[in-house]
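Work from the hints to combine the two standalone chains into their complex.
These protein sequence lines are chains A and B, in that order.
Just so you know, the first sequence maps onto residues 1 to 175 in our numbering.
Just so you know, the second sequence maps onto residues 1 to 65 in our numbering.
Worth double-checking, as some hints may not be accurate.
To be verified - Taking lysine to any residue and the SDA-like style, the derived pairs with C-alpha atoms no more than 25 Å apart in a straight line are: (1) A/K173 <-> B/V29; (2) B/K32 <-> A/K21; (3) B/K5 <-> A/P57; (4) B/K19 <-> A/D103; (5) A/K21 <-> A/E163; (6) A/K61 <-> A/F88; (7) B/K3 <-> A/L153; (8) A/K161 <-> B/G8; (9) A/K148 <-> A/F88; (10) A/K38 <-> A/E72; (11) A/K47 <-> B/F7; (12) B/K3 <-> A/D53; (13) B/K5 <-> A/Y6; (14) A/K161 <-> B/E15; (15) A/K173 <-> B/V11; (16) B/K5 <-> A/T14; (17) A/K148 <-> B/Y26; (18) A/K38 <-> A/N74; (19) B/K5 <-> A/K61; (20) A/K38 <-> B/V29; (21) A/K161 <-> A/A175; (22) B/K5 <-> A/D144; (23) B/K19 <-> A/E163; (24) B/K5 <-> A/D137; (25) A/K173 <-> B/E42; (26) B/K3 <-> A/H164; (27) B/K3 <-> A/T14; (28) A/K161 <-> B/M1.
If you are wondering where the hints come from, they were derived from the structure by calculation, not from laboratory data.
Owing to the predicted nature of the structure, the values given are computational and were not obtained by experimental measurement.
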Amino acid sequence: MPDPSYAIRLIDSTDRVNRLKLRSEDGALAAFLKRQCKHFHDQNLAKTYVYIDENTPAPRKVLGYVSIVVGEINNADAIVPELPEYGFSYPAVKIARLAVELDLQRSGLGGNLVDYSLAVVKRHIAPNVGCRFVVVDANRPAVDFYRKHGFVLVDTEENRKREHPLMFYDLLKVA
Amino acid sequence: MIKSKTFGGVVLSGEDAGKFERQVRYGRVNAKAQNALNRGDELLRQFGERKLGDDVTDSSPRKIA
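Chain B on its own, in the form it takes in the complex (with noise of 0.2 Å):
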């Protein structure tokens, strides 16, 4: 069985549960992943970068007075 929020999280038992593990375990190099990854990477590079790092958190070094 599968219960999932739409914003929260999922909860799989028996069946879904063991199907789920087993592809986790034994499925393959998923190539259309990695091409996605890699699409996502140059949109990142072009978009956001900065503008996600500015949300995020800023590691400059500052002088604190």
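Pulled out of the complex, with its shape left as it was, chain A reads as follows (with noise of 0.2 Å):
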């Protein structure tokens, strides 16, 4: 067997998506990717990139994944002087899953993932679309692993003690 070529690219249909290995409690991750993923790709509900070595005969299996969607942070108390008559929304777009599979876990490829999701949205939405940030609801353990991308933790009591805290990236203040 040759060694791995990885490869980010997005989902093909004939990618297989039931061999993902992840840890028991990230069974809703195995889950999405194995019954919904491609359907929400199709649909345009969220578009997912995955990770293949490109060394396997078709068709791959996936070995990791993003799945990434539009949205927005509604700020429903924000008072934006420049708009004081404005319902003030943000738009954004969302890391919904992040998943690698459990043997390549520390080995980078997720983070490669997150890096290349927000080229994504910085080089491509952003510019076309109008996007502002790229925001994420951290597992409590992945704070950290966010944070080293450059997420920043909306910083309350509340939202630190969530299960999924809020984590932001904000687009403009990247070049």
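What follows is the structure, given as structure tokens:
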């Protein structure tokens, strides 16, 4: 077997989505990939980028994936001096799902999927559609992981106590 | 308060809304954010530009019969 040659690309209809090994507590991530991911992708409900090994024959096993979706941050109580009459809502993209094969975790693949998603949003979505933030409902143990990729925790006691604390990445503060 | 849907929007109110606005308005430029984007740009160059472009749009001129 040749050495793996990892690549990131949009999910393909032939990709094998039913073999991703995860911890038992991450069953929802495996179930989404297996049962819903391609449907969401085809219907433009969310787009999924996958890690595959190009040195394996097709159909290729998905080794990791990230699903991103259009969303918004509706700040109901915000007062924006420039737009006092405007119910303010920031366009955002959400990282809805992120998972990497158990044996490949801590090898940088998950971080690469996040970085790749940030570049897709910054270079392709924000300039053409308008988008201010990338947001994620982080698993609490993953907060430091997202911090390393530039995400900021909404720093309130209530958010810190949430099972999935909200974190944001401000696209206006990167070039 | 924060209400967040897995595949959708986020609604902020109260203390969370105010804190978020202050963090956005007064937060420092984040070197980790820029480094992550730089790595993402490199990954886009390595893996993604052609396939991504194929999926989103093709702006090359076409002759219309």
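Outcome of the hint check:
For a cut-off of 25 Å, the pair hint linking A/K173 to B/V29 stands: about 6 Å separates their Cα positions. The straight-line distance between the Cα atoms of B/K32 and A/K21 is roughly 30 Å, outside the 25 Å bound, and the hint therefore fails. Restraint check for B/K5 and A/P57: not satisfied, since their Cα atoms lie roughly 37 Å apart, outside the 25 Å limit. At most 25 Å may separate the alpha-carbon atoms for a hinted pair to count; B/K19 and A/D103 exceed this at roughly 39 Å.
Under the criterion of a C-alpha separation no larger than 25 Å, the hint pairing A/K21 with A/E163 is consistent with the structure, at around 23 Å. With a CA separation close to 42 Å, the supplied pair A/K61 and A/F88 exceeds the 25 Å bound. Annotation: proposed proximity of B/K3 to A/L153 holds, straight-line Cα distance about 15 Å (limit 25 Å). A threshold of 25 Å between alpha carbons decides the hint, and for A/K161 with B/G8 the separation of about 21 Å falls inside it, so the pair holds.
The suggested pairing of A/K148 with A/F88 is violated, with an alpha-carbon distance near 29 Å, which exceeds 25 Å. Our distance criterion of 25 Å between C-alpha atoms is met by A/K38 and A/E72, whose separation comes to about 23 Å. Distance hint between A/K47 and B/F7 is fulfilled; the C-alpha atoms sit about 11 Å from each other, no more than 25 Å. A C-alpha spacing of about 38 Å is found between B/K3 and A/D53, which places the hinted pair above 25 Å, so the restraint is violated.
At roughly 31 Å between alpha-carbon atoms, B/K5 and A/Y6 are farther apart than 25 Å, so this suggested pair is violated. Distance restraint check for A/K161 and B/E15: the Cα-Cα separation of roughly 14 Å lies within the 25 Å cut-off, and the hinted pair is therefore satisfied. Of the supplied pair hints, the one linking A/K173 and B/V11 holds, its CA atoms being roughly 22 Å apart against a limit of 25 Å. Pair hint B/K5 plus A/T14 does not hold up; C-alpha atoms about 29 Å apart against a cutoff of 25 Å.
The suggested pairing of A/K148 with B/Y26 holds, with an alpha-carbon distance near 20 Å, which does not exceed 25 Å. Note on A/K38 and A/N74: the hinted pairing is violated, with a Cα-Cα distance of about 28 Å set against a maximum of 25 Å. Taking the CA atoms of B/K5 and A/K61, the gap is near 29 Å; set against the 25 Å cutoff, the hint is violated. Between A/K38 and B/V29 the alpha-carbon distance is near 37 Å, which puts this suggested pair outside the 25 Å criterion.
Simply put, A/K161 and A/A175 have alpha-carbon atoms about 32 Å apart, too far for the 25 Å limit, and the pair is violated. For a cut-off of 25 Å, the pair hint linking B/K5 to A/D144 stands: about 22 Å separates their Cα positions. Restraint check for B/K19 and A/E163: satisfied, since their Cα atoms lie roughly 19 Å apart, inside the 25 Å limit. Of the pairs offered as hints, the one joining B/K5 and A/D137 holds, with about 9 Å between alpha carbons and a cut-off of 25 Å not exceeded.
Distance hint between A/K173 and B/E42 is fulfilled; the C-alpha atoms sit about 19 Å from each other, no more than 25 Å. At roughly 11 Å between alpha-carbon atoms, B/K3 and A/H164 fall within 25 Å of each other, so this suggested pair holds. Taking the CA atoms of B/K3 and A/T14, the gap is near 36 Å; set against the 25 Å cutoff, the hint is violated. Restraint check for A/K161 and B/M1: satisfied, since their Cα atoms lie roughly 12 Å apart, inside the 25 Å limit.
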